[in-house]
Amino acid sequence: MKMSFLWTDMMIWLLVVALIFWARMIMRSPQTRQQWRRIYESPLAMACSLILLTYLSVALLDSIHFRLALPTQADSKQVNYDINMKSPLDLLFAHNIDHSERTYSAPFARNEFVSSIIVNEQGITEKAYLPLKHVATYLGINEGSGLDIFIKSIIAIIMGLMIGLIFVTLHMLWLKRGTQDSFGHYLQTVKQGKTQLPWRWAYATFLFILVMSVWLYYLNLSYHVLGTDKVGGDVLYNTLKSIRTGVLIGVLTTVATLPISIILGISAGYIGGWVDDVIQYIYTTLSSIPSVLLIAASILVVQVTIDNNPQWFETATERSDLRLFFLIIILSITSWTGLCRLLRAETFKLSQVEFVTAARAFGVGKFTILRRHILPNLMHIILISVVLDFSFLVLSEAVLSYVGVGVDPSMHSWGNMINQARLEMAREPMVWWSLLSAFLFMFVLVLAANLFSDRIQVVLDPRNEA
Amino acid sequence: MTDTILEVKDLSLRVGDETLLDNVSFTIKKGEVFSLVGESGSGKSLTSLAIMRLLPDVIKVSSGDVTLYGKSLFSITETSMQRVRGKSIAMIFQEPLSALNPVMTVGKQVAEALQTHLKLEGKAQYTKVIELMEEVGLKDSVQRYHWYPHQLSGGQKQRIMIAMALACEPELLVADEPTTALDVTVQARVLQLLNELRQTRGLSILFITHDMGVVAEIADRIAVMKEGKIIEQANKEHFFTAPEHPYTKKLLADALPQHTPLDQTEMHQALLEVNNLKVYYPIKTGFFKRTTGHVKAVDGVSLTIRKGETLALVGESGSGKSTIGKAVLRLEDSQSGEMIFDGINLLPLTEKQLKPLRRHIQVIFQDPYSALNPRMTIGNIIREGIISLSTEKQTTAQQDKQIAELLEKVELKAEFAERYPHEFSGGQRQRIGIARALAVKPKLIICDEPTSALDVSVRAKVLRLLRHLQKEEGLSYLFITHDLSIIPTIAHQVAVMKEGKIVEQGSLNKVVLNPQHAYTQQLLNSAPKMTRDYIKSIQI
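Which chain is which? The protein sequence lines are S and V, in order. Per the numbering used here, the very first residue in the first sequence carries number 1; after that it's consecutive. Per the numbering used here, the very first residue in the second sequence carries number 1; after that it's consecutive.
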């Protein structure tokens, strides 16, 4: 096995490490800790952040790449590696990769969706819906699959509940450590929702997510729960792989825009004068160019460069990853202006406020004032817009891929799925499951992010304090 | 004049488990000015909102009733209530700026009120608007009809508000701190207008204020509120001559700061000498931002502050007094002039040369809420100055000790160092602001309206603290204020400013008791009678 380090993998893991450090840092301030507690006092925020966390863990699971060693030939000592990169998620879904079908099939179907012309045993040529190669092969041809699906669902739900309850119990034991409470009594308080944080809702969401995932995974071992696509690939697997693309574009782009918009916004607002003029001219110019045009042009340049230099890449995944990497950079160049504008205005307002004047009267240096007085008072704006931008970018990835200037066509992404669905929807009868799966997974992610940002806004915005 | 217009009976309001108003009862008769007085948070404004049925949704009426001509206002539908608002009861607010729509001409806004309630249209409507604008004393009302709110001054805007309120000839006018945001001269004129209207129209007014001086000018009957209760109700004469409740007595006593003559300082040498200071703001126009002219915020001001003395700088808003304060702190660039502090001219110094001198001049602000960074603990707020201007290295423990001492000096507890600003009241925040300024052992403190956002009882305490500190530490103050009543308590010298220039300056005696300049006389005559009598009574 050989580890491969993709650009975007490194970025996302670096970000995770940075996030952990940041969390540790803010937890040291009692005021911020209090604020985060207040955010999670809302059951909705609790549920949303668990959903977001689930997406993030899928994306992270899919962000470790390695190449498995091929069986060595007897006569050569050199170890050759598989040309296809694998991630832990791929290993989990190995059966889906290996068991691909011929073409479209509907969710839970046992036959192909399109008829094929075959010659039957009597030698007559006829049209028939061929059975799928890898679906419930243990069932007889004329046996219905309803009962099998039902039994498997029950097993999956029980399994999911059991695993979930073990985790919930462990967590409750951890929560009540150091208290004299008996476990039964503590369980009662949680059930009645009397804990300070709404753990009851957290557990409910957690159990729901877990049962859903176990159900999907377990049934997908013998069926295609969300159907198959044009070349017989499992749609559930495609959608799950798309999570990484969506989350990465959302998260990394927002994080990449932050330094630009914070530094430029604050300098424009605080220093003023010609610095302000220059920064304003830059962002008005940038935001008056249609961003799709800019992205299309840049992606074209990147793609041509990639095509002219095949020697840079060992595998196809590396090629598409580089395109994703540049897409993230280009998107961050075009999307920093909104936050920058907000921060400029807010900084300008704050720099006139009297506590800043007091600091200036003390002769405190400009950078110290920015760090100590202005930045902390901008944090709520930054946080809110980070979460909102995230959902906007997830959606814009889909739009860009649909237009054809998004990620590499060979890469799993919701945008590519929707792009293909354009043709599928035109078929008669319609192939609807690809679009539906992409839509559902994207919708849940964006909705959770938006609801979470609402809660952040309510808690962190000083105007809501009263 | 005995017929009752409005009766509030046992009104109680609550939000959650907290009682905001507790059995408030009073009646207002025809042609009467009924005044609700009390400190901030006592429930005055809530009472008026409850009468108008404009309370926020979270606040619930738990008991009581409000009746207008014997008809309950709480039992009628919202649609009928809308007819009552404006037509029977009208309201004017403290902040005329935010109560007027900035993108509509003022004439149109008055006309709108007429249209909604009286269904007046066309010519008749226009004539009525002009009539109303003249009635509230706006000159050139034909031209002003087409003006936008930003083209009018604060006093004129308040007049427009009153014209709108009067448009439908209400029986009762609810005035919530209508003069608080106005300068004294304007305040005097608005009060006079309200008085006239009361007489000519037989209007009843519910007048809400915290200013005892204003109450004495206008009210017929007075109710004192404290923590959601009315604790005393009396006629004006009775109220001012024989208050019964101890809280009322205290409120009246604090209304005018107790005057204990300042120690006459022998002529110390000058600490700060400002000569011919000019602060101009450039007016930039056009695409290339060329400077085409200047706003002369401070235009050739000279003044002297001696060691251990206070110079009060008096003037109306926009007269440039705060700009002088900022210029002395070197936070505002001055055009020309001299500013000699302890023998050194500050103006030509660079920021680096200035830094060691910064600790000698500190500042206290008007608004105690924006003066402290909400994201820093009190300890760190005070520490900032200690660190940035200290001459020798100190350990954190030494700093903590110093912070504790400072907090005790301003009569706060040392434990407060760990807390955040939002946990404190306005008066406490102002003390923290003073402690922050004292942290660097300054010689001169610029006090920019430090008491105007505070309740009277708190104001008295802060003034006492400032005087005490002056005596103890030998501080000098540049005391910027528009409140004439506190000048005798704090000032040794007084300078009166108008439009960027000082029109008169000299000792307290000379300026206040024997004003020479017409503007000073006008300013003193505009103060409520109570303040005037008080100033005259002082023997310096």
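Since the hints were derived computationally from the structure, they do not count as laboratory data. Among the hints, erroneous ones may be present.
Unchecked claim - With a cut-off of at most 25 Å between alpha-carbon atoms, the simulated DSS-like pairs for lysine-lysine come out as follows:
{"#": "1", "chain 1": "V", "residue 1": "LYS284", "chain 2": "S", "residue 2": "LYS349"}
{"#": "2", "chain 1": "S", "residue 1": "LYS349", "chain 2": "V", "residue 2": "LYS296"}
{"#": "3", "chain 1": "V", "residue 1": "LYS393", "chain 2": "V", "residue 2": "LYS461"}
{"#": "4", "chain 1": "V", "residue 1": "LYS29", "chain 2": "S", "residue 2": "LYS366"}
{"#": "5", "chain 1": "V", "residue 1": "LYS498", "chain 2": "S", "residue 2": "LYS366"}
{"#": "6", "chain 1": "V", "residue 1": "LYS393", "chain 2": "S", "residue 2": "LYS366"}
{"#": "7", "chain 1": "S", "residue 1": "LYS366", "chain 2": "V", "residue 2": "LYS296"}
Note that the structure is a prediction, hence the values are computed from the model and not measured.
Quick rundown of the hints versus the structure:
The suggested pairing of LYS284(V) with LYS349(S) holds, with an alpha-carbon distance near 20 Å, which does not exceed 25 Å. Restraint check for LYS349(S) and LYS296(V): satisfied, since their Cα atoms lie roughly 24 Å apart, inside the 25 Å limit. Of the supplied pair hints, the one linking LYS393(V) and LYS461(V) is violated, its CA atoms being roughly 35 Å apart against a limit of 25 Å. Proximity of LYS29(V) to LYS366(S) is assessed by CA-CA distance (about 60 Å); at most 25 Å being required, the pair is judged violated.
A hinted pair counts as satisfied when its Cα atoms are at most 25 Å apart, and LYS498(V) with LYS366(S) does not qualify at roughly 34 Å. For the suggested pair LYS393(V) and LYS366(S), the alpha carbons sit about 22 Å apart, so the restraint of at most 25 Å is met. Taking the CA atoms of LYS366(S) and LYS296(V), the gap is about 28 Å. The hint is violated against a cut of 25 Å.
This entry does not satisfy hints 3, 4, 5 and 7, going by the numbered hints stated previously.
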